[in-house]
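J.: Listed below, chain by chain, are the residues.
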Amino acid sequence: MSSLLRGEEMCLAQLFLQSGSAYDCISELGELGLVEFRDLNPSVTAFQRKHVNEIKKCEEMERILVFMYCIITSLAHSLSLSLCLQEQLQRLEVELGEVTRNKEKLQRNLLELTEYTHMLRITRKFVQRTAEVSYEEFPFLEKETMMDYSSMQRLGAKLGFISGLIQRVKIEAFERMLWRVCKGYTILSYAEVEEYLENPDTGEPTKCVVFLISYWGDQIGQKVKKICDCYHCHVYPYPSSNEERNDVVEGLRTRIQDLHTVLNRTEDYLRQVLIKASESVYTWVIQVKKMKAIYYILNLCSFDVTNKCLIAEVWCPVNDIPTLRRALEEGSRKSGATVPSFVNRIPTSDTPPTLIKTNKFTSGFQNIVDAYGVGSYREVNPAPFTIITFPFLFAVMFGDLGHGVIMAVFAAWMVLCENNRKLKNTRNEIWNTFFEGRYIILMMGLFSIYTGLIYNDCFSKSLNIFGSGWSVKAMGWTKEQWENNRFLTLDPNVTGVFKGPYPLGIDPIWNLASNRLTFLNSYKMKMSVILGIIHMSFGVILSTYNYLHFRKKYNLYLVFLPELLFLLCLFGYLVFMILYKWLAFSAKDSRHAPSILIHFINMFLMQGDGLQPLYPGQTGLQIFLVVIAVLSVPVLLLGKPVYLYWLHNGSHRLGLYRVSGYERVRRNSEEELYLMRAHDMEEGSSHRGEDGKTSGSFDFADELLHQAIHTIEYCLGCVSNTASYLRLWALSLAHAQLSEVLWAMVMRVGLRMDSTLGVLFLVPVFGLFAVLTVSILLVMEGLSAFLHALRLHWVEFQNKFYGGTGVKFCPFAFSLLPSSFEHDGLL
Amino acid sequence: MPSLLFCGPKMAACGIVISIWGVIMLAMLGIFFSAKSAVLIEDVPFTEEDIRGDQNPPGNIYGLYNQVGINCFIAAGIYVAVGAVSLCQVRLNKRQEYMVT
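Chains as they are written, first to last, in this note's numbering: chain A, 1 to 827; chain B, 828 to 928.
These aren't lab readings, by the way, just hints derived from the structure by calculation. Heads up, a few of these hints could be off.
To be verified - Computed footprint of chain A on chain B; a stretch qualifies when at least three of its residues, placed anywhere within it, have a C-beta under 8 Å from a C-beta of chain A:
(1) 840-851
(2) 857-870
(3) 898-906
The C-beta atom is built at its ideal place from N, Cα and C for all residues, glycine as well.
Please work from the sequences and hints to get the whole structure.
T.: Put into structure tokens, the structure is as follows:
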């Protein structure tokens with residue numbers, strides 16, 4: 001599967017499409033998602049393109065569909081048929097618009113009539129309440145209808161009434177305003193309406209209050225009317241007598257009934273119209289989306305000289321050209337064209353985009369590599385190696401058996417339910433991120449189980465599976481020693497105490513030891529350095545693949561070899577010293593065991609005769625290694641620029657450009673020229689120091705500068721990156737300590753309860769322990785370890801060989817298109 | 828009969844997960860305490876008196892180990908009950924999803 005290691009081989013192809021069958025051919029290509037179209041009209045703005053009108057129509061249709069969808073979702077619907085598209089949609093929109101407007105008007109009418117009814121009902125109560133009391137000067141109208149005019153004229157004033165409804169929140173302010181303005185010449189009585197009435201502007205139910213203002217005097221009347229306007233009261237005419245009131249109430253009742261009937265009919269009609277359209281909405285949406293995409297692509301094409309045929313330029317994987325041909329034939333057949341459309345491969349010197357085919361397992365790892373930078377065309381892809389090294393480095397930092405089990409179970413659940421549509425299509429961004437990376441999390445969990453077994457750490461407790469290799473009884477301590485000493489030391493030099501190393505991992509007795517961290521720190525630091533150097537050496541070795549593929553063999557000797565020698569002579573030797581000390585020195589000579597760090601420093605300073613050597617011949621070997629490492633630096637710095645200078649200026653016959661020119665003159669067929677150019681293209685596209693092929697000149701200063709920067713970066717980077725790998729130790733220490741603290745502060749409290757109530761206390765304590773474990777140790781520490789493992793890959797591993805300056809291949813496929821519907825959260 | 832549903836679907840799912848984890852982990856802890864594992868010595872509520880004044884060492888400590896072990900088993904049993912309640916809640920929630928109001 002060379003595709004995952006290196007990426008597909010791509011070519012530039014020209015499609016010749018007949019005007020009649022262009023639409024169908026592009027539709028076929030969109031279904032397949034094979035090719036990426038290039039823009040052949042880059043200088044044309046969006047509004048000057050050929051198919052801009054069709055795109056406008058598509059957007060209009062999309063707008064109508066959104067509007068319709070909103071109305072449909074507010075009613076329940078069932079199934080029906082569908083018809084042809086654009087006129088249907090426009091007609092529907094006009095109808096729906098009218099119907100909804102009418103409905104709103106009717107509802108407003110209904111509201112007014114209801115309010116009027118309430119008002120009449122409640123003011124009748126006012127009147128009835130005060131019926132017993134009769135005023136001398138202001139007799140009520142219905143009592144003595146003959147008297148009223150004369151009595152009012154006697155006063156020289158007319159008694160008037162204004163009645164209506166006002167919102168409850170405004171009634172107090174209203175009353176106060178009336179009092180202040182009219183200075184007591186008005187009487188206001190009000191009562192609340194029991195039921196909630198719908199506010200016509202906001203549509204939510206509000207409480208209203210019916211009021212009755214009695215005033216006398218014309219001017220007061222004007223003022224009162226103005227105040228009523230100001231407070232947005234709904235004023236209704238107050239009936240002057242009981243008979244009139246009854247008549248109005250009857251009339252209102254019939255009108256309200258009529259309105260209810262009309263509204264019900266309107267609702268039914270609306271429902272019918274929407275039911276017809278509802279089934280087809282989703283199909284229409286997809287059709288419109290596809291149509292718009294096809295017109296965009298058609299805009300990217302150009303006409304040929306005869307103006308009969310569309311030309312499109314596409315990037316296509318070489319292996320897929322037969323499929324492309326078949327798709328074009330299918331499109332031509334569907335549109336019934338007589339002349340078929342065809343594809344023609346053309347040579348190019350542009351760098352193609354990078355396509356790496358992945359499946360659901362590898363796509364997660366490829367994504368995290370691409371997040372740093374998409375690989376240059378046909379360079380080595382770190383993703384297949386990342387599948388193993390990334391979870392491994394994560395697990396080294398996470399290393400807990402219990403947490404690994406929980407993480408693996410969670411990931412396994414996501415993997416088993418990956419076909420459940422509800423999980424796949426949620427809107428939640430964070431959940432989607434976790435779901436996309438479910439295979440990564442599964443691998444991380446499984447590797448963490450392994451490293452948890454090695455570190456012998458399960459929720460901060462060690463498991464004693466094989467029986468500890470240390471025996472306390474063999475130390476032979478007396479009772480006084482037991483009672484009088486706080487700490488006792490197990491000495492492995494005493495016979496019988498240390499029976500041999502634990503078969504797998506760290507001995508469980510270390511969990512009870514007070515010098516546990518001293519032991520583990522030394523072990524984890526050395527392990528981190530060893531893993532780091534192995535990882536970096538692997539990165540340097542991977543660069544040979546690139547040099548060999550792009551046929552720059554000189555890089556092997558002038559770049560790769562000095563780099564590898566520098567790294568291994570210095571840091572490889574450090575790894576050797578660590579391993580040697582682990583193997584050669586045992587508990588017997590632990591007092592005299594030399595410090596590796598001091599020996600390493602002395603190696604550079606060329607000192608240290610007073611120290612006891614690790615092994616015979618150490619000084620000689622160290623001097624030799626230092627000399628080699630120091631010599632490899634100038635080779636790395638000057639080797640490649642000097643060689644390339646000699647190539648271009650020293651021998652005229654051997655320049656690559658000249659060779660290809662000579663051969664171009666010799667060969668006539670375009671096919672062979674194309675193959676020659678493709679060969680050159682692959683050779684020429686490396687990420688470092690490309691000599692100017694097209695111009696034929698070679699810039700020595702430029703090349704030297706590049707190489708100098710690379711040398712400094714590499715040499716200093718070796719030191720700093722090696723130290724950077726110590727984060728493997730740091731994070732695993734942090735995780736272990738957090739885990740221990742959580743157990744000691746939470747779980748131990750529950751377990752140490754020895755009263756009978758203690759058992760009930762243990763239940764919530766465990767719940768708290770579980771929640772804190774998941775949130776702190778799994779989520780927080782997990783994300784932290786993920787991030788640091790990612791950084792180790794992106795920086796320390798990939799800068800040894802990866803260019804990452806490519807462009808990702810984005811094929812034209814209907815499944816990858818967004819549309820306005822998704823932005824509105826409808827699809 | 829009033830609805831027995833008192834928590835939403837997510838809370839019920841959390842309840843089930845914690846219950847399963849609790850049953851497994853507390854049962855294993857109970858087993859390890861009964862097996863008198865030395866690693867768990869700090870979690871056993873012993874005092875100086877238990878060590879020094881012991882007639883029959885290490886009988887007292889063993890007794891305490893057994894006690895804590897039994898506590899763990901009882902807690903595991905309670906978590907079985909909690910898990911059953913959560914399972915009922917999950918079923919009721921699913922049934923309510925399908926009901927047409």
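J.: Does each hint hold? Answer for all of them.
T.: Results for each hint:
{"no.": "1", "hint": "840-851", "in the structure": "holds (count 3)"}
{"no.": "2", "hint": "857-870", "in the structure": "holds (count 7)"}
{"no.": "3", "hint": "898-906", "in the structure": "holds (count 6)"}
Violation of the numbered hints given earlier is absent; every hint is satisfied by the structure.
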